[in-house]
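Asker: Here's the letter readout for the chains.
Protein chains: 2
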Amino acid sequence: MSDFFELAHRQRAHRFLEPDHVPEADIERILDAAIRAPSAQNTQPWQFVVVQDPQVRQMIANATREAWVGFAREYSRPEVDTYQWTDTDKWAMEALSDAPVIVVVCGDTQAMDAGLLGSSIFPAAQNILLGALALGYGSLLSTLPTFGPVGELLGLPANLIPMAVIPIGRPARRLGPPKRVPFADKTHRDRFGQSWAG
Amino acid sequence: MSDFFELAHRQRAHRFLEPDHVPEADIERILDAAIRAPSAQNTQPWQFVVVQDPQVRQMIANATREAWVGFAREYSRPEVDTYQWTDTDKWAMEALSDAPVIVVVCGDTQAMDAGLLGSSIFPAAQNILLGALALGYGSLLSTLPTFGPVGELLGLPANLIPMAVIPIGRPARRLGPPKRVPFADKTHRDRFGQSWAG
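Protein sequences appear in the order of chains A and B.
Sequential numbering from 111 applies to the first sequence in our numbering.
Sequential numbering from 111 applies to the second sequence in our numbering.
This list has only true hints and no planted wrong ones.
No copy labels: a pair is met if it fits in one copy or bridges any two.
No farther apart than 20 angstroms at their CA atoms in a straight line, the calculated lysine to any residue pairs in the SDA-like style are these: (1) 289 to 151; (2) 296 to 261; (3) 296 to 308; (4) 289 to 218; (5) 289 to 186; (6) 200 to 184; (7) 289 to 152; (8) 200 to 188; (9) 296 to 307; (10) 289 to 187.
Hint data in this document are derived by calculation from the structure and do not stem from the laboratory.
Isolated chain A, as found in the complex (with noise of 0.2 angstroms):
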């Protein structure tokens, strides 16, 4: 059993996996909660590639790295103090090459208008960080390598989108909880402005 609640509290990037095989029982466990997920009007505008062979991650990797290099890195906030840049630097510019596993969601613009497919793409991807993080890997959701042509890379046809990038594996580092501002400082009572906690 995995608690919800439990894993909620205990989500993180986790940006260094080992590279170690993950079953594919339970790469299909995860994509079959994703596709549990709501869409608008039940479109299911979701396509996964499941990418395991190592020359395709590396050209991802690729990708991700001359993204970064390319225009991110100029406009990431090191300054963020929970933002952990120093990982996010080593993680675009070699360790996601390490992830036996990296999932891309794509989006279908046959659904949908491109710019409407977020709220039904992201709730799947949640299910997938959640239920990796149930099977005890880590995991999570980069939108950077989107930024690069990872759609070309992978074949996709022009009314698919890639729009979450999601490596899979067993942790290579144990992280604590996350660094969050307190709920109570981001809700309004009925109106914004009128504070939660009165």
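We have chain A already, so just place chain B on it with the hints.
Answerer: Relative to the frame of chain A, chain B by itself:
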């Protein structure tokens, strides 16, 4: 204990809710799970407006009905056989106003461009849906009301965009498991077009 996989497989859009009061301790437990969700560079670009005031709830319901009748109904797809169009129509026309709690999830454009917010907002929204279900509530994720004047009604500042509206309450109907295309039909091995199943 609420097992994640069991919750994921039971999750449904609950469009019909009992008007009974939801204890604030439950709302708080749900939001405290929401803020553990991942976000780009840990920017946590969410703000929540928790609407319990009957007048404000009715204003949101009215704005939703207007958006539905005004344009969305015309673009909706009653022919999708797994999409419960008739229930959505009843929901948008009147049933939403029965929900004792409506959580409006907002995204902060000071954290990132509006077009990038989805990957940092909808995982938190999914945590709200799963957390509500774990505590015995029904909920659903709708973006429909955000096409109406919800931001103005709630007095949101210019940098906050309403991105999801989530009514929460005790389910008025028992719902079976969701209908989905099997994951294997949506999953590719290493590259698009290579069947997962082989």
